[in-house]
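Student: Line order of the protein sequences matches chains X and G.
For the first sequence, the positions run 129 to 681 when this note's numbering is used.
For the second sequence, the positions run 129 to 681 when this note's numbering is used.
To be clear, the hints were calculated from the coordinates, so they are not data collected in a lab.
Heads up, the list lumps identical chains together, so a pair's fine if it works in one copy or across two of them.
Taking lysine to any residue and the SDA-like style, the derived pairs with C-alpha atoms no more than 25 Å apart in a straight line are: (1) LYS365 to MET175; (2) LYS524 to ALA297; (3) LYS524 to LYS551; (4) LYS403 to ASP539; (5) LYS466 to LYS551.
Protein chains: 2
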Amino acid sequence: MAEELSTFMEARKENGVHMPINNVVQPLLTDLYQITMAYAYWKSGKMEDQAVFDLFFRKNPFRGEFTVYAGLEECVKFLQNFHYSSSDIAYLRGTFPSIDEGFWTYLSNIDASQVSLHSMPEGYIVFPKTPLLRVEGPLPVVQLLETTLLNLINYASLVATNAARFRIAVGNKIKLLEFGLRRAQGPDGALSASKYCYIGGFDGTSNVLAGKQFGIPVYGTHAHAFVSSFKSVEDVKENSNGGSCIKVDQFKALVLHWLPQVCSILNVIENETNKGELAAFIAYAVAFPTTCLCLLDTYSVIRSGLPNFLAVALALDDLGYKAVGVRLDSGDLAYLSKKCRAAFKTIAKEFSKSWMESFVIVASNDINEDTLRSLKEQGHEIDSFGIGTHLVTCQKQPALGCVFKLVAVNDEPRMKLSEEVQKINLPGRKDVYRLYSAEGLAVLDLVQLTNEEPPQVGVKMMVRHPLVESKRAYVCPHKTELLHKQYWGPDGVMQNFPTLEELKERTAWSLKTLRPDIKRELNPTPYKVSVTDTMYHFLHELWLDHVPIGELT
Amino acid sequence: MAEELSTFMEARKENGVHMPINNVVQPLLTDLYQITMAYAYWKSGKMEDQAVFDLFFRKNPFRGEFTVYAGLEECVKFLQNFHYSSSDIAYLRGTFPSIDEGFWTYLSNIDASQVSLHSMPEGYIVFPKTPLLRVEGPLPVVQLLETTLLNLINYASLVATNAARFRIAVGNKIKLLEFGLRRAQGPDGALSASKYCYIGGFDGTSNVLAGKQFGIPVYGTHAHAFVSSFKSVEDVKENSNGGSCIKVDQFKALVLHWLPQVCSILNVIENETNKGELAAFIAYAVAFPTTCLCLLDTYSVIRSGLPNFLAVALALDDLGYKAVGVRLDSGDLAYLSKKCRAAFKTIAKEFSKSWMESFVIVASNDINEDTLRSLKEQGHEIDSFGIGTHLVTCQKQPALGCVFKLVAVNDEPRMKLSEEVQKINLPGRKDVYRLYSAEGLAVLDLVQLTNEEPPQVGVKMMVRHPLVESKRAYVCPHKTELLHKQYWGPDGVMQNFPTLEELKERTAWSLKTLRPDIKRELNPTPYKVSVTDTMYHFLHELWLDHVPIGELT
Chain X
129 MAEELSTFME
139 ARKENGVHMP
149 INNVVQPLLT
159 DLYQITMAYA
169 YWKSGKMEDQ
179 AVFDLFFRKN
189 PFRGEFTVYA
199 GLEECVKFLQ
209 NFHYSSSDIA
219 YLRGTFPSID
229 EGFWTYLSNI
239 DASQVSLHSM
249 PEGYIVFPKT
259 PLLRVEGPLP
269 VVQLLETTLL
279 NLINYASLVA
289 TNAARFRIAV
299 GNKIKLLEFG
309 LRRAQGPDGA
319 LSASKYCYIG
329 GFDGTSNVLA
339 GKQFGIPVYG
349 THAHAFVSSF
359 KSVEDVKENS
369 NGGSCIKVDQ
379 FKALVLHWLP
389 QVCSILNVIE
399 NETNKGELAA
409 FIAYAVAFPT
419 TCLCLLDTYS
429 VIRSGLPNFL
439 AVALALDDLG
449 YKAVGVRLDS
459 GDLAYLSKKC
469 RAAFKTIAKE
479 FSKSWMESFV
489 IVASNDINED
499 TLRSLKEQGH
509 EIDSFGIGTH
519 LVTCQKQPAL
529 GCVFKLVAVN
539 DEPRMKLSEE
549 VQKINLPGRK
559 DVYRLYSAEG
569 LAVLDLVQLT
579 NEEPPQVGVK
589 MMVRHPLVES
599 KRAYVCPHKT
609 ELLHKQYWGP
619 DGVMQNFPTL
629 EELKERTAWS
639 LKTLRPDIKR
649 ELNPTPYKVS
659 VTDTMYHFLH
669 ELWLDHVPIG
679 ELT
Chain G
129 MAEELSTFME
139 ARKENGVHMP
149 INNVVQPLLT
159 DLYQITMAYA
169 YWKSGKMEDQ
179 AVFDLFFRKN
189 PFRGEFTVYA
199 GLEECVKFLQ
209 NFHYSSSDIA
219 YLRGTFPSID
229 EGFWTYLSNI
239 DASQVSLHSM
249 PEGYIVFPKT
259 PLLRVEGPLP
269 VVQLLETTLL
279 NLINYASLVA
289 TNAARFRIAV
299 GNKIKLLEFG
309 LRRAQGPDGA
319 LSASKYCYIG
329 GFDGTSNVLA
339 GKQFGIPVYG
349 THAHAFVSSF
359 KSVEDVKENS
369 NGGSCIKVDQ
379 FKALVLHWLP
389 QVCSILNVIE
399 NETNKGELAA
409 FIAYAVAFPT
419 TCLCLLDTYS
429 VIRSGLPNFL
439 AVALALDDLG
449 YKAVGVRLDS
459 GDLAYLSKKC
469 RAAFKTIAKE
479 FSKSWMESFV
489 IVASNDINED
499 TLRSLKEQGH
509 EIDSFGIGTH
519 LVTCQKQPAL
529 GCVFKLVAVN
539 DEPRMKLSEE
549 VQKINLPGRK
559 DVYRLYSAEG
569 LAVLDLVQLT
579 NEEPPQVGVK
589 MMVRHPLVES
599 KRAYVCPHKT
609 ELLHKQYWGP
619 DGVMQNFPTL
629 EELKERTAWS
639 LKTLRPDIKR
649 ELNPTPYKVS
659 VTDTMYHFLH
669 ELWLDHVPIG
679 ELT
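Based on the sequences and whatever the hints tell you, model everything.
Tutor: Spelled out as structure tokens, the structure:
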């Protein structure tokens, strides 16, 4: 226990604000077979074999043609802290009583100091079959990293991609807020969601801890419970300990002065507006006079929430404060938002308060990517969406299938075949280049062996589809970018990590380098992932070498 | 920092092994609007209002008619540790610079000592619209608990329910293993998945940390990478530091003696079996002679993996060890498992080793509930399934929509209406009774106000559908069970928590009390959630009271 805590404290100290308590990833957060394999490697004298593993996915998520790459910084921190504590070893020893003692000594002493990690830049748009990470080092050690690296990349990239898709669906003018904490996979699932949705293009989160730990802007006003906790205007009292800018009694009188006028203009029966709701709006306005935003649908948006809010907004205006707007959390959001906007315009005109026309309308009711597109088609007056469940659980496809495959041992290529052809992987130690057009658009990603010459700007070359023999193309790149950089090596961390803001900007920039047809929702064009002619032959020779000829019976 | 760590250490000490590092849930893991509401309550003099909140869901997940309730123990631990640190307050103060200073003093001083929590027993089967938790206490304090409680219950119950459904789909004889770590929502999402799948009916996990922290049995053998890391039998060496039960060279010779015979019997060309794979199986057998289980599909199950495994198994047998079996991770699992079983039988007969007929066959390839049912229909020879993605991400429905609704303030009932009728909730402080038949089957859950007489065994009573006036029924319970017990109160924790094993048994028992038609996959019968006649009238009067009469325009 004491030892674990001291490791933990060190991790906190080293990594500062970037490393939240919940994210100290322990090496035992792994599949058991990594341990059994490590032992079998050790037992059969393969401890010093030098392995190269690729981490990649086979298919873009959400029936789309692009993926936002995220989770890298956490992977590097995991390497930085990679070490089995004595209590870990004790647990494992109990699990495997017949394993040779020498292995436990070996396992206690390993760390990631002999591991090298190359990666694409976090926040970049990435594509199937290209290695996001290339991890090299002693075979058992790199093997032991597999599950945790996959865990750290898979969800991060999936949810960042989902967020980016939501952003594309609404365009750049609408504010997107992540409200998924209550539906995520536990505390840390929620924190990851908040962080990576921000990178993917969201403007903020409701998750306060994510605000505190990552500096993400936090948003929130009040819930239905707040509204229904009040029964009448008398419920709102003045807190004697509170230094008040607004005198409650004076404010109530102003609101009650405005309410009949608003109701009359909006053709609502004043008697039927809910007075508990009115009280709640008054209480909220007194607490937050400069940022007052009210939830309208506890009883009835049109017949209660809307007139109550407008009476409060006019009263605030009397005192020199500008209310911010409203939130809708049920019903037909297109219809209701238009009704609200119309009422705002009527009131703005009636009382010559033109700024009231543009009260903010926030909507939040089980919204997904399709809802966003459908609302856009129908037309609506919503300025901001709060999105929870569908965003953080990635309902449309709740997992990105990243895998971690051995591609070389002691400089000899390896490939895994299987009963399914699409599961094969590109063997060997590889680099990936992104080739850009004169317009700055990404043309294709080129996978080649590290010992090949890099593609040259202005020099025409033939590239190939990795599997389909007939698919070949000439390309003459205007710019080339080696996507892999080394992030971890014998001397530790080798790159500075961008801030969350920088990552967010990088993702937005990288998305801009993609042609629009690759990003569209319906039948998007696949982005080309090609190989060099050398890589093509290398792959196919090895493939035939490995597959036994079948025999039909 | 120092303060946070000391809180953390305390939490570890108090909660021992049950509280993993990743699960120290902080009170800032909440939606911002809880803080803004708390301030507005404080500001309008509602700090001492006594609130009752219900936590419930509206619809069973996965198009099913039952839900496994899980996450309670974590909720109680959250209450136990509920306290805002000075760094939390500093962050919030920075976020809301214009909030009255008095509020920060108030917030620094609150804890859950004035909160009372009633709950259904964790592990029970539960149903829509009934309160799983009833949380009572000062309005702002209970409000501040909302998001975290939802976060802790939602995913736990969802994934436990999913696991229970997978268990029902395969029956009780087949072993189910959770392999979802790499696809879960980050580190803690994975830990929660392992824990709650075990409660729901799984037999173990691949997640080593879950094994260490919760005592769940851990399983795992080797991956494709292990197989492809070997190129030839010469690759397997004897580790000079390892105390070996099996001499590698002797073992190799035995295997190479058996392989041609096996190939000949199985009608496979020996030359085409992959020798790297053979080497890997040899290495694995040497490392784990008593638990040898080999992954067959790296190259070709039939033409390579199967004969290689059988040669190794026969060699192990020569040395007095019994191999355990095989794993299939791609291809047509029904077909391949039958092919494997047939080969096992052939070899068993040929060499008079009848026990070899029943080598274990483990299958693991993107399996979901539907695959399990389909495999059962087709017939297969699989003894154990390893299930990852679909299980932990709950692909079929990745979120349970638990909500937390205010039902009473200062003994007055509250309800939230909305634009959608199905979103209304049962108001008032309520108890839930489960009524059982003479056969021990659950007949219905009865929701009533806490001040009503409990239902009496042997006494016929009328119960009602909460919304549909015409739906009424008489029931005469053979046994009644008050489902709510108090778990937290002024003196702290009020119940002992069951062990994980006990929870698992409780869930299995609770599932047995459900009629089979409620548990079937296709068109399951909904379980009855009824209310007393008193509750019915109470609800409907309040409802009409709250809704303004619409006006068609």
